[in-house]
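Peer 1: Those protein sequences? They're chains V, R and W, same order as listed.
Residues 1 to 293 (our numbering) are what the first sequence spells out, left to right.
Residues 1001 to 1261 (our numbering) are what the second sequence spells out, left to right.
Residues 2001 to 2344 (our numbering) are what the third sequence spells out, left to right.
Just so you know, the hints here were simulated from the structure itself, not pulled from any lab data.
For glycine and all other residues, C-beta sits at the position ideal for the given N, C-alpha and C.
Take the hints with a grain of salt, since some may be wrong.
Claimed, not checked - Simulated crosslink set (BS3-like; lysine-lysine; CA at most 25 Å straight-line): (1) R:1138 / R:1127; (2) V:33 / W:2310; (3) W:2335 / R:1095.
To be verified - The following label-pair restraints were derived from C-beta to C-beta distances: (4) V:175 / R:1012: 21 to 29 Å; (5) V:90 / W:2124: 29 to 37 Å; (6) W:2009 / R:1221: 24 to 32 Å; (7) W:2183 / V:90: 32 to 40 Å; (8) W:2121 / V:90: 34 to 42 Å; (9) V:85 / R:1029: 51 to 59 Å.
Chain by chain, the residues:
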Amino acid sequence: MAQFLQQLINGLSLGSIYALIALGYTMVYGIIKLINFAHGDIYMIGAYIGYACIRHFKLGFIPSLLISMVACSLLGFAIEKIAYKPLRNSTRIAALITAIGVSLFLEYSTMAIVGATVKTYPEVVKTVTFTPIEGVVINIQQIFIFSVTIILMVILQFIVHKTRIGKAMRAVSADKDAAQLMGINVDSTISFTFAIGSALAGAAGILVGIYYNSINPLMGILPGLRAFIAAVFGGIGIIPGALIGGLTIGIIETVVSGYASSLYKDAVAFAILILILLIKPSGLLGKNTREKV
Amino acid sequence: MPILTMNNVTMAFGGLAALTNVNIKLEKGELVGLIGPNGAGKTTVFNVLTGIYTPTSGTIEYMNDNTKTVINNLKPHVISALGIARTFQNIRLFKELTVLDNIRIAIHKDVKYGMAPTFLRLPSFFKEEQSLLDNAYKLLKIFNLDSKKDELAKNLPYGEQRRLEIARALATKPSLLLLDEPAAGMNPNETAELTELIKWIWKEYGLTILLIEHDMSLVMKICERIYVLDYGMVIAEGTPEEIKNNKRVVEAYLGGEAPDA
Amino acid sequence: MIDVMMSEINTPEAMNSAKYPRKFTLLKKILFIVLFYGIIQLLIFLNVINAYYQVTLAMICINIILAVSLNLITGFTGQFSLGHAGFMSIGAYTCALITLNMDTPFSFIIGLIAGAILAAIVGLLIGIPTLRLKGDYLAIATLGLAQIIEIIIRNLDFTGGPRGLANIPQYANWTWLFLFTVITVVIISNFINSSHGRACISVREDEIAAEAVGINTTKYKVLAFIIGAFFAGIAGALYASYFYYIKPDLFGFLKSIDILVIVVLGGMGSISGSILAAILLVIISTYLQSFAEFRMIIYSVILVLIMIFKPQGLMGSSEFSLNRFIQETRKNLQKLGQKLHKVR
Chain V
1 MAQFLQQLIN GLSLGSIYAL IALGYTMVYG IIKLINFAHG DIYMIGAYIG YACIRHFKLG
61 FIPSLLISMV ACSLLGFAIE KIAYKPLRNS TRIAALITAI GVSLFLEYST MAIVGATVKT
121 YPEVVKTVTF TPIEGVVINI QQIFIFSVTI ILMVILQFIV HKTRIGKAMR AVSADKDAAQ
181 LMGINVDSTI SFTFAIGSAL AGAAGILVGI YYNSINPLMG ILPGLRAFIA AVFGGIGIIP
241 GALIGGLTIG IIETVVSGYA SSLYKDAVAF AILILILLIK PSGLLGKNTR EKV
Chain R
1001 MPILTMNNVT MAFGGLAALT NVNIKLEKGE LVGLIGPNGA GKTTVFNVLT GIYTPTSGTI
1061 EYMNDNTKTV INNLKPHVIS ALGIARTFQN IRLFKELTVL DNIRIAIHKD VKYGMAPTFL
1121 RLPSFFKEEQ SLLDNAYKLL KIFNLDSKKD ELAKNLPYGE QRRLEIARAL ATKPSLLLLD
1181 EPAAGMNPNE TAELTELIKW IWKEYGLTIL LIEHDMSLVM KICERIYVLD YGMVIAEGTP
1241 EEIKNNKRVV EAYLGGEAPD A
Chain W
2001 MIDVMMSEIN TPEAMNSAKY PRKFTLLKKI LFIVLFYGII QLLIFLNVIN AYYQVTLAMI
2061 CINIILAVSL NLITGFTGQF SLGHAGFMSI GAYTCALITL NMDTPFSFII GLIAGAILAA
2121 IVGLLIGIPT LRLKGDYLAI ATLGLAQIIE IIIRNLDFTG GPRGLANIPQ YANWTWLFLF
2181 TVITVVIISN FINSSHGRAC ISVREDEIAA EAVGINTTKY KVLAFIIGAF FAGIAGALYA
2241 SYFYYIKPDL FGFLKSIDIL VIVVLGGMGS ISGSILAAIL LVIISTYLQS FAEFRMIIYS
2301 VILVLIMIFK PQGLMGSSEF SLNRFIQETR KNLQKLGQKL HKVR
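Kindly produce the complete structure, drawing on both the sequences and the hints.
Peer 2: Spelled out as structure tokens, the structure:
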């Protein structure tokens, strides 16, 4: 029982990371129907920026987090303007391949600049642990991750539902042309969506650096894929879905790793993906939309 | 002998009923119209008949060669093989392919050669390909599109695209033809030509035709019978004269005035 | 009545696929292929094409097979597949395991065919459930399935786990590679230029319309996957037998992307495009090999630029024709001449 609780807690931390990344995927897909393959790499860059802040500029956790988020949002904004905007009216395959190109570019540029070897995060948050129940250890970093995720999610929900720009985001997601006809600046709305999604990914990056300690230029690929799967699982384009999906996949992965083999835990996310695509492609919270004939 | 019978067909998407208890019967050789305001469910009827949607309840019976088949749960390509063809409201030609290829794809059903002749280019392959080519060309000639056989479908003028779509539907050798707003976007001249074309294929091919149209001149001129749909239900059925004077029909369309004939 | 009309119409002479011209062009093609093979073989024999370039040649052949087979699935049938390397790995491992356990040229053939068939079966298994998915979802599903295959191979003992298999008996050489490249291109071209091929293309163009005119879209999607996977399996087997060392990492997501890039660069729906792009990209890769990271950076920038400026790739969906190439070059040179004239 204690072991199960431990797995649960570990899973929640991992899941929070996935949720933060998944939010970016789901918002971007919702608004321009693009799977932003480069999103996982923005998370990676967030980790590196955090590393630079903490190690080289000797900043604390909160300033580093904020800088990382701002830098990543600028990066996301730039990528959208340079690489995705020209392809807004192209085929989906063209957009997807461009995203793959951007992803490769980010990975290998980072590798060229900082080297391919793993870097270790310096300790910025003291490792304090609690043991509420016999056999269950909670690390303060895990509490950090979970609370930062919840706070960011609440802020996001506020933005999406209680501000004008949020309304614009929802409108453009529903019908881009109609939104434009209503006077909404579609371009800025899309840019804003990318910026927010990227900021969240950046936050995830620095949190992972603090918790797991090691970062490398290719660290974004697998978590990125898993986070995307989480977004699909919860319902692509649906924000609460990203949270549910992220937490679910994080927990299942940790449990499988704990009880079954840790080798097969990689397959978990993909197996879930296949299942959800076969059973309910619109995801847990998604609605079925049919093509009009 | 009715070639097609829809018995109490209901089509619901989630909570929304697009069709409710629709009963339609088509006798062999008839030319029947299906009219109604926008959103009444006319194209849904076509989609249900051709297997794109499976009706929530009710049955659809199709009679051909003295065999009656229930076609509710069949896939579209199976229904096509049984002899039901259709055109689409927003023309669905294979736009990036040539006029000739559009037809050749529609007669693919007749192809008997399998993988081995294809991979190894056996004589049976060449023989059948030639006959496919010939049959496609002949059909195009009948519809006056032979001179454009190597044009990309998307480069044809609108009227010829519509004609090609009808030719392609006929290439599948149907007994029942469903035409979805073939006159959409046409001026009176083009509509008159289309009317003649429909009358001609009706007789020459011995077809049963169900026609969705908004252009009342076309409908009233050639339909023997008309079904009127509103909010997914059949609200009237009869000859053009009867329909013109039917109060419910008039209300459904314009709230008080007779539809332009 | 319509039958009478149809029988009265004569198809014009120009549309007859007459036998004389056909046999002649076939002879020309065979001659060209044999000549090409002979020249390269001679150059290898004379060591003009040394060991280093021979490796490049091998990679070109293997990538041509991979690109053409993926093009069938993604370019011609419109099914976006991001897991092609998975099929390749099945062919590679099957052939490797068979020849490792029974070291004879005969077992190489068996390994090759078994690898291809097994890959085709997996293609069938992947094709069926993913059929109702479209576009992005299909891409991710195929990616996921390929990852699952990789993970399974990585975790099994007899496949050598993460370290893979080494000392695989080498049977593949230029002759085998060339032979199978030609076979692949011929068979897939023959398939495309047939009614079955047109059925696949109609699935790409408009699935609903295709169903409405009687095309069993499910059957053709699965068929494309099976054929594409079969040849990817052959490519994998050839790879294993030539490079004598394989491990799961070689057949991962990045490899699938590599193949997709070749297909997109060449033009989805153009076989000659895939061939050209494969040659081009392998040569560029080999040239940039010493600058490993920069190769990828340049690669990715090229990719993005092509997608922005020429998404239809080099050939679009047409095939290479010498006449057209000469015409286009002439036109471009004229335009260039005019511009220079204006500058003066």
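Peer 1: Each hint needs a verdict: does it hold in this structure or not?
Peer 2: How the hints compare with the structure:
Distance hint between residue 1138 (chain R) and residue 1127 (chain R) is fulfilled; the C-alpha atoms sit about 17 Å from each other, no more than 25 Å. The suggested pairing of residue 33 (chain V) with residue 2310 (chain W) holds, with an alpha-carbon distance near 21 Å, which does not exceed 25 Å. Straight-line distance between C-alpha atoms of residue 2335 (chain W) and residue 1095 (chain R) comes to about 31 Å, which puts the hinted pair past the 25 Å bound. About 24 Å separates the C-beta atoms of residue 175 (chain V) and residue 1012 (chain R), a value consistent with the hinted range of 21 to 29 Å.
The supplied range of 29 to 37 Å is met by residue 90 (chain V) and residue 2124 (chain W), whose beta-carbon atoms lie about 32 Å from each other. Under the hint 24 to 32 Å, the C-beta atoms of residue 2009 (chain W) and residue 1221 (chain R), about 30 Å apart, fit the expected range. About 35 Å separates the C-beta atoms of residue 2183 (chain W) and residue 90 (chain V), a value consistent with the hinted range of 32 to 40 Å. Judged by the Cβ atoms, the range 34 to 42 Å given for residue 2121 (chain W) and residue 90 (chain V) holds: they are separated by roughly 35 Å.
Between residue 85 (chain V) and residue 1029 (chain R) the Cβ separation comes to about 57 Å, which falls inside the hinted range of 51 to 59 Å.
Violation of the numbered hints given earlier is confined to hint 3; every other hint is satisfied by the structure.
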